[in-house]
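Peer 1: Residues per chain are reported as follows:
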Amino acid sequence: DGGITQSPKYLFRKEGQNVTLSCEQNLNHDAMYWYRQDPGQGLRLIYYSQIVNDFQKGDIAEGYSVSREKKESFPLTVTSAQKNPTAFYLCASRGGTGVFGELFFGEGSRLTVL
Amino acid sequence: SQQGEEDPQALSIQEGENATMNCSYKTSINNLQWYRQNSGRGLVHLILIRSNEREKHSGRLRVTLDTSKKSSSLLITASRAADTASYFCATDAKGSQAGTALIFGKGTTLSVSS
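If you read the protein sequences in the order shown, they are chains Y and U. Taking this note's numbering, the leading residue of the first sequence gets -9, the next gets one more, and so forth. Taking this note's numbering, the leading residue of the second sequence gets 1014, the next gets one more, and so forth.
Bound conformation, chain Y alone (with noise of 0.2 Å):
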C-alpha cells in the first residue's frame, strides 16, 4: 500500500541526547515536510523539503536538522540544542512540485524526555 511510515511511534530521549525520526514515503512525491503539534495546539512547520537534496527551514527549526538524500527518506534529527522537544512530530508528503494538493501524513512519533 502507498504512504508515509514513521518510525518508532514512541521515542524516550535523555536530556543531552540527539535522536533521530525516521520518515519513509512510497508514494513518489516530491515535498517532504516536518511539524511538530503540543497538546491542544496545532501543527508548526520545522523543516520541509521541495526536492531531493535540497531542504527550507520552518517557523521552529532551531534544535533540528533534517536530511534529504532520497526522494523517498526525510529523517528528523532532534538535538540536544532543541530545549523542549517532548511533543507529537508529523511527517508528511504532497504530490509533485507543480502541485497546489492535500498533504498525506504518517501515523506520528511521539517523543518524550525524561
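Read the hints as simulated data drawn from the structure, not as lab findings. These numbers were taken from a predicted model, which means no experiment stands behind them. Heads up, none of these hints are tricks.
One-sided and incomplete, this derived list gives chain U residues near chain Y with beta-carbon spacing under 8 Å: (1) N1043; (2) Q1046; (3) R1054; (4) G1055; (5) L1056; (6) H1058; (7) A1114; (8) L1115; (9) G1118.
Now the stretches of chain Y that chain U is said to cover, found in silico as 3 or more residues with beta-carbon under 8 Å: (10) 17 to 31; (11) 35 to 45; (12) 90 to 98.
Within a straight-line C-alpha distance of at most 25 Å, the following computed PhoX-like cross-link-like pairs (lysine-lysine) qualify: (13) K1039(U) x K1069(U); (14) K1119(U) x K47(Y); (15) K73(Y) x K(-1)(Y); (16) K1119(U) x K(-1)(Y); (17) K47(Y) x K(-1)(Y); (18) K47(Y) x K1039(U); (19) K(-1)(Y) x K60(Y); (20) K73(Y) x K1119(U); (21) K1039(U) x K1083(U); (22) K1083(U) x K1119(U); (23) K47(Y) x K60(Y); (24) K73(Y) x K4(Y).
C-beta atoms are modelled at their ideal positions from N, C-alpha and C, and glycine is treated no differently.
Guided by the hints, dock chain U onto chain Y, whose structure is given.
Peer 2: Frame of chain Y; chain U shown alone:
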C-alpha cells in the same frame, strides 16, 4: 506563523445534530483545506476548496469559502460518534511556490455523544 484560526476551540453535540466549525486566515490564499485528526493519530485530508470556489460538498461535509472575509466554514451534517476528532484548516498562501508548506490553525475539537 499561524495562518488559520478555528472557532470554536471545542464543540460538543449529540449524534444526529449538525456541527459547524469556522476558520479565519490572514493572507490571500491559493486554496484552503480541511483535515481531521483522531486522537494520537496522523491527519487525514477531508476536502480542498480553491480560492475561486465558494462552496464544495463531499458526502456529509459542506465547506464554504468567503475570500472577502478571509474565512471558511466546515459543516458536518447528521453527526455520528465516529466523527469525534479534531478538525484543522490549512492554507496555501497566494503566490507561494508549489511544494511550500501548508500553514495550519490550532483546530476545533469535536465531541459527538450518542
